[in-house]
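There are 4 protein chains.
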Amino acid sequence: MNKHRYTLTISCPDRAGIIAAVTGFIAQHGGFIVEASYHTDLETQRFFMRQEILADSLPFDANEFRRRFAQLSGEFGMVWQLSDSARKKRLVILVSRQDHCLNDLLHRWRNGELLVDIPCVISNHEDLRSFVEWHGIPFIRVDMADKAAAFATIGALFEQHQGDTLVLARFMQILPADFCQRYAGRVINIHHSFLPSFAGARPYHQAYHRGVKLIGATCHYVTDELDAGPIIEQDTVRVDHGDTVDDLVRYGRDIEKTVLARGLRYHIEDRVLICGNKTIVFR
Amino acid sequence: MNKHRYTLTISCPDRAGIIAAVTGFIAQHGGFIVEASYHTDLETQRFFMRQEILADSLPFDANEFRRRFAQLSGEFGMVWQLSDSARKKRLVILVSRQDHCLNDLLHRWRNGELLVDIPCVISNHEDLRSFVEWHGIPFIRVDMADKAAAFATIGALFEQHQGDTLVLARFMQILPADFCQRYAGRVINIHHSFLPSFAGARPYHQAYHRGVKLIGATCHYVTDELDAGPIIEQDTVRVDHGDTVDDLVRYGRDIEKTVLARGLRYHIEDRVLICGNKTIVFR
Amino acid sequence: MNKHRYTLTISCPDRAGIIAAVTGFIAQHGGFIVEASYHTDLETQRFFMRQEILADSLPFDANEFRRRFAQLSGEFGMVWQLSDSARKKRLVILVSRQDHCLNDLLHRWRNGELLVDIPCVISNHEDLRSFVEWHGIPFIRVDMADKAAAFATIGALFEQHQGDTLVLARFMQILPADFCQRYAGRVINIHHSFLPSFAGARPYHQAYHRGVKLIGATCHYVTDELDAGPIIEQDTVRVDHGDTVDDLVRYGRDIEKTVLARGLRYHIEDRVLICGNKTIVFR
Amino acid sequence: MNKHRYTLTISCPDRAGIIAAVTGFIAQHGGFIVEASYHTDLETQRFFMRQEILADSLPFDANEFRRRFAQLSGEFGMVWQLSDSARKKRLVILVSRQDHCLNDLLHRWRNGELLVDIPCVISNHEDLRSFVEWHGIPFIRVDMADKAAAFATIGALFEQHQGDTLVLARFMQILPADFCQRYAGRVINIHHSFLPSFAGARPYHQAYHRGVKLIGATCHYVTDELDAGPIIEQDTVRVDHGDTVDDLVRYGRDIEKTVLARGLRYHIEDRVLICGNKTIVFR
Numbered sequence: 000m001n002k003h004r005y006t007l008t009i010s011c012p013d014r015a016g017i018i019a020a021v022t023g024f025i026a027q028h029g030g031f032i033v034e035a036s037y038h039t040d041l042e043t044q045r046f047f048m049r050q051e052i053l054a055d056s057l058p059f060d061a062n063e064f065r066r067r068f069a070q071l072s073g074e075f076g077m078v079w080q081l082s083d084s085a086r087k088k089r090l091v092i093l094v095s096r097q098d099h100c101l102n103d104l105l106h107r108w109r110n111g112e113l114l115v116d117i118p119c120v121i122s123n124h125e126d127l128r129s130f131v132e133w134h135g136i137p138f139i140r141v142d143m144a145d146k147a148a149a150f151a152t153i154g155a156l157f158e159q160h161q162g163d164t165l166v167l168a169r170f171m172q173i174l175p176a177d178f179c180q181r182y183a184g185r186v187i188n189i190h191h192s193f194l195p196s197f198a199g200a201r202p203y204h205q206a207y208h209r210g211v212k213l214i215g216a217t218c219h220y221v222t223d224e225l226d227a228g229p230i231i232e233q234d235t236v237r238v239d240h241g242d243t244v245d246d247l248v249r250y251g252r253d254i255e256k257t258v259l260a261r262g263l264r265y266h267i268e269d270r271v272l273i274c275g276n277k278t279i280v281f282r
Numbered sequence: 000m001n002k003h004r005y006t007l008t009i010s011c012p013d014r015a016g017i018i019a020a021v022t023g024f025i026a027q028h029g030g031f032i033v034e035a036s037y038h039t040d041l042e043t044q045r046f047f048m049r050q051e052i053l054a055d056s057l058p059f060d061a062n063e064f065r066r067r068f069a070q071l072s073g074e075f076g077m078v079w080q081l082s083d084s085a086r087k088k089r090l091v092i093l094v095s096r097q098d099h100c101l102n103d104l105l106h107r108w109r110n111g112e113l114l115v116d117i118p119c120v121i122s123n124h125e126d127l128r129s130f131v132e133w134h135g136i137p138f139i140r141v142d143m144a145d146k147a148a149a150f151a152t153i154g155a156l157f158e159q160h161q162g163d164t165l166v167l168a169r170f171m172q173i174l175p176a177d178f179c180q181r182y183a184g185r186v187i188n189i190h191h192s193f194l195p196s197f198a199g200a201r202p203y204h205q206a207y208h209r210g211v212k213l214i215g216a217t218c219h220y221v222t223d224e225l226d227a228g229p230i231i232e233q234d235t236v237r238v239d240h241g242d243t244v245d246d247l248v249r250y251g252r253d254i255e256k257t258v259l260a261r262g263l264r265y266h267i268e269d270r271v272l273i274c275g276n277k278t279i280v281f282r
Numbered sequence: 000m001n002k003h004r005y006t007l008t009i010s011c012p013d014r015a016g017i018i019a020a021v022t023g024f025i026a027q028h029g030g031f032i033v034e035a036s037y038h039t040d041l042e043t044q045r046f047f048m049r050q051e052i053l054a055d056s057l058p059f060d061a062n063e064f065r066r067r068f069a070q071l072s073g074e075f076g077m078v079w080q081l082s083d084s085a086r087k088k089r090l091v092i093l094v095s096r097q098d099h100c101l102n103d104l105l106h107r108w109r110n111g112e113l114l115v116d117i118p119c120v121i122s123n124h125e126d127l128r129s130f131v132e133w134h135g136i137p138f139i140r141v142d143m144a145d146k147a148a149a150f151a152t153i154g155a156l157f158e159q160h161q162g163d164t165l166v167l168a169r170f171m172q173i174l175p176a177d178f179c180q181r182y183a184g185r186v187i188n189i190h191h192s193f194l195p196s197f198a199g200a201r202p203y204h205q206a207y208h209r210g211v212k213l214i215g216a217t218c219h220y221v222t223d224e225l226d227a228g229p230i231i232e233q234d235t236v237r238v239d240h241g242d243t244v245d246d247l248v249r250y251g252r253d254i255e256k257t258v259l260a261r262g263l264r265y266h267i268e269d270r271v272l273i274c275g276n277k278t279i280v281f282r
Numbered sequence: 000m001n002k003h004r005y006t007l008t009i010s011c012p013d014r015a016g017i018i019a020a021v022t023g024f025i026a027q028h029g030g031f032i033v034e035a036s037y038h039t040d041l042e043t044q045r046f047f048m049r050q051e052i053l054a055d056s057l058p059f060d061a062n063e064f065r066r067r068f069a070q071l072s073g074e075f076g077m078v079w080q081l082s083d084s085a086r087k088k089r090l091v092i093l094v095s096r097q098d099h100c101l102n103d104l105l106h107r108w109r110n111g112e113l114l115v116d117i118p119c120v121i122s123n124h125e126d127l128r129s130f131v132e133w134h135g136i137p138f139i140r141v142d143m144a145d146k147a148a149a150f151a152t153i154g155a156l157f158e159q160h161q162g163d164t165l166v167l168a169r170f171m172q173i174l175p176a177d178f179c180q181r182y183a184g185r186v187i188n189i190h191h192s193f194l195p196s197f198a199g200a201r202p203y204h205q206a207y208h209r210g211v212k213l214i215g216a217t218c219h220y221v222t223d224e225l226d227a228g229p230i231i232e233q234d235t236v237r238v239d240h241g242d243t244v245d246d247l248v249r250y251g252r253d254i255e256k257t258v259l260a261r262g263l264r265y266h267i268e269d270r271v272l273i274c275g276n277k278t279i280v281f282r
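Chains as they are written, first to last, in numbering that gives the first Met the number 0: chain A, 0 to 282; chain B, 0 to 282; chain C, 0 to 282; chain D, 0 to 282.
Just so you know, these hints were derived from the structure itself, not from any lab. Since the model is a prediction, treat every value here as computed from it, not as a measurement. Take these hints with a grain of salt, some might be off.
It does not matter which identical chain is meant; a pair holds if it fits inside one copy or across any two.
[To be verified] Below, simulated SDA-like cross-link-like pairs (lysine to any residue); rule was C-alpha separation at most 20 Å, straight line:
#	residue 1	residue 2
1	88	136
2	277	244
3	146	274
4	277	54
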């Protein structure tokens with residue numbers, strides 16, 4: 000389960016022989032593949048792959064792997080990346096006042112299910128300080144009165160803590176466009192509707208007034224267009240005429256938690272590859 | 000299961016004592032209630048109820064029930080209706096070329112699950128004639144070249160066959176506004192998306208290009224605003240990056256069939272009450 | 000939402016006129032019913048009902064309601080109970096070392112979703128003391144070396160803290176038969192399989208070896224037959240050949256949490272009526 | 000979608016270099032892989048793979064592929080098979096009186112979703128003759144009075160029609176052990192419960208009496224132990240206390256149909272590999 004592994008993710012123009020070339024390279028060094036996934040996007044004719052390799056089956060380390068693989072990758076025009084399971088990803092969490100997603104993520108972290116380091120939690124409110132600090136995680140309050148300054152601070156904190164991924168765990172603030180662009184593919188949001196239905200504010204109220212029979216939640220990468228970034232994961236739950244907006248909010252919390260947890264896990268495990276405004280998720 | 004029953008559906012302004020008055024009226028005549036459902040809509044403060052009563056437990060027939068109940072209903076300002084299970088509803092089905100919903104409905108009809116009479120199936124194509132006629136049901140082709148004339152013909156056929164409900168089983172034609180208004184609450188459509196996402200044409204293509212992780216289907220009453228009428232039933236199914244548009248269409252057929260069958264069943268059993276642009280569904 | 004309410008639950012032999020008699024009694028005192036549910040069990044011919052009444056619409060308090068209702072209830076041979084929303088139920092939680100259900104319940108409690116008092120959490124291990132005490136809830140360790148003595152202590156603690164309901168939130172110990180009988184209908188367990196499949200020990204291992212394509216969780220009342228009591232709530236989640244036992248355990252935690260939370264909520268809101276070894280759940 | 004393809008399925012003892020060897024063989028002849036899936040069973044340390052290759056990208060036909068691949072497969076101790084999409088599988092269907100699965104399969108067949116030839120439908124009753132024959136498919140009645148003789152006839156018919164797969168579409172008869180053994184991995188059944196719960200007769204009655212909150216269906220390979228063969232696909236649907244056995248039967252029909260259709264599709268597309276009493280399903 001938790002053996003030392005390298006995860007190699009690749010995208011390149013599709014053609015015959017890619018899998019053979021990559022797996023041939025690995026086999027030539029005795030590498031043992033434990034998980035392998037492939038996909039061709041029909042519209043762009045781009046090929047995507049993900050391989051997990053037992054680190055101890057190879058005679059060299061991750062850096063040497065990267066050096067040797069560079070030549071092969073050049074021949075195929077690959078965009079690629081090698082992750083080392085020995086180096087945990089660093090996750091910075093942004094929250095506001097609602098704590099159901101935060102509570103869920105921190106529980107998964109403390110029971111070892113979410114294998115990341117969490118250098119800090121950032122919030123625009125004080126409410127959740129005690130809960131975060133009980134975990135031994137620094138809690139940093141950022142004042143939102145001046146939004147530009149606030150996001151400059153958040154960006155600086157993210158850099159300073161060497162964050163890999165920024166999660167908006169019901170942060171309820173719209174990020175500036177330049178912030179979204181700078182961290183493209185690294186900022187993950189949970190939206191409390193089944194997108195593209197009910198983007199923007201108060202989605203449960205919108206759902207209630209439309210009279211839908213299921214509500215949903217969507218985990219997606221943040222882009223500079225609100226609630227329109229590449230979708231990683233979604234789910235729905237049944238509601239009926241007897242449910243008030245408060246009931247929808249309550250049911251919604253449960254799917255928000257699980258959808259965010261699943262989407263984030265896929266991202267952390269390098270299972271998500273972005274293709275235009277869509278994602279490939281190698282589950 | 001199939002005992003002779005009356006189904007009484009009521010809506011009126013909410014106040015104390017409505018249930019007592021209605022069930023008192025029934026009890027006073029020895030009536031045996033086998034199913035009872037209630038709901039108050041918080042926005043309109045309107046009360047909705049549905050009761051199934053064993054017909055043989057009452058000393059009079061449906062017409063006499065209606066006569067006697069009229070006085071009580073007047074006191075409470077009730078809009079109400081009494082259905083008699085001895086009189087099957089009459090269902091007219093409109094289809095185009097795709098037959099998955101038709102095949103499903105006719106199977107449920109011939110195995111006794113869908114308790115209706117089907118006086119005819121109307122189509123703008125000849126393709127499904129043989130299949131419909133094998134069931135002993137008349138198949139009527141209507142030419143769509145002149146849409147106004149075509150819908151005049153469809154309306155006339157519906158009247159002439161004494162149709163109660165008109166089902167668009169993937170009919171793929173937009174109904175004229177006046178037709179929608181004349182038969183408000185009596186025309187049921189199956190739309191191949193999880194509304195309000197992807198209304199209008201080619202919803203599976205829209206879903207594919209947005210990269211959603213679930214697709215859906217919606218059974219709703221037809222109004223003069225396209226795909227915006229009161230929703231009766233919806234469901235979703237998981238898809239992933241590996242699924243082509245053809246795959247979405249294939250998965251979609253399965254949820255279209257079951258969502259339409261469930262929604263139609265609720266309607267036929269008088270379980271659906273319309274409240275503005277929403278429905279109460281007493282399952 | 001949180002208005003002062005009485006919840007009246009009743010079961011009695013079925014006959015005509017029960018709803019009329021009960022709602023007539025309520026209406027006669029001006030009582031306003033906000034939710035009403037009915038069911039007849041066909042095998043036992045027993046009738047079950049649940050009504051929520053606005054307390055302030057009645058001219059007397061809960062005790063006077065009980066006094067006056069006693070005569071009517073006698074005529075129909077009713078087993079009945081009136082709960083007052085002003086008196087929160089008292090919930091005692093038993094845990095072992097796994098904390099996912101506990102974490103979930105305490106979060107729902109501290110955000111006001113689970114409207115109970117929690118006088119204490121009891122465990123056979125020290126692991127979760129700090130987490131429970133952070134909530135300001137007493138944590139009591141009970142040694143399991145002598146099981147009879149341990150359960151005598153647990154029973155005494157439950158009584159002393161005036162517990163209404165005892166929840167086994169992954170307690171992993173089999174309760175003595177006499178304990179189960181004494182608290183029949185008051186002890187709720189979450190079992191980590193879709194019962195009746197995989198009762199007893201290590202259900203995820205059993206599921207893995209059988210090669211099922213979905214796994215589940217079951218919330219049920221504890222009886223003296225292991226994992227065989229009346230089922231309150233269940234759910235399933237899809238797994239596949241790629242999932243290890245550890246993966247099943249991980250997926251399972253998520254459904255255990257939600258199934259327990261839903262089942263417990265139904266119980267706390269007096270929505271669950273026991274009928275033989277089955278439950279009626281008025282959602 | 001329907002391009003000419005070869006599907007290569009392999010199982011062998013796990014070791015490093017298998018993927019490289021197989022994809023290297025394909026690449027060396029210019030073969031274009033359009034879908035590739037891999038799995039290692041941890042208990043048996045056996046490796047399983049499935050590849051779809053565009054037939055026209057190879058310079059030889061299926062038989063030549065088989066000849067050339069034999070040497071490589073020998074080195075790795077592979078059990079393997081190459082299917083050619085140009086040769087449709089031949090499906091023989093066994094039914095009794097209930098027609099919901101048959102109706103569903105024949106609809107998928109006539110709209111081109113189920114890409115098989117159906118040389119005949121065999122039944123122990125006459126009821127479904129007219130429906131089957133309307134499709135232009137021979138309908139053969141086999142008398143069950145003498146079970147041994149009946150299954151000898153069924154086996155002979157299956158051979159004579161060169162059947163690849165035999166589907167029990169609610170056949171309701173227990174197959175003799177020797178029949179199960181002779182056609183191991185080729186006979187598919189739909190059982191109307193979520194196995195291993197409620198194996199054997201009248202599963203909906205069993206489910207009703209146990210008071211489960213979900214019911215299910217299971218598509219599995221038939222072995223000589225009743226309802227205990229390798230599971231291909233399962234699903235569940237929610238029920239509640241208000242549902243009678245007849246309601247469970249009705250809900251059940253819908254999941255039986257979809258579970259059988261999905262499981263059968265996986266089998267027909269060579270997506271199912273058997274590993275002991277479990278299946279690997281490369282969806």
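Each hint tested on the structure:
| no. | hint | result |
| --- | --- | --- |
| 1 | 88 x 136 | within (16 Å within a copy, 34 Å between copies) |
| 2 | 277 x 244 | between (31 Å within a copy, 14 Å between copies) |
| 3 | 146 x 274 | neither (31 Å within a copy, 43 Å between copies) |
| 4 | 277 x 54 | neither (31 Å within a copy, 30 Å between copies) |
Checked against the numbered hints listed earlier, the structure breaks hints 3 and 4; every other hint is satisfied.
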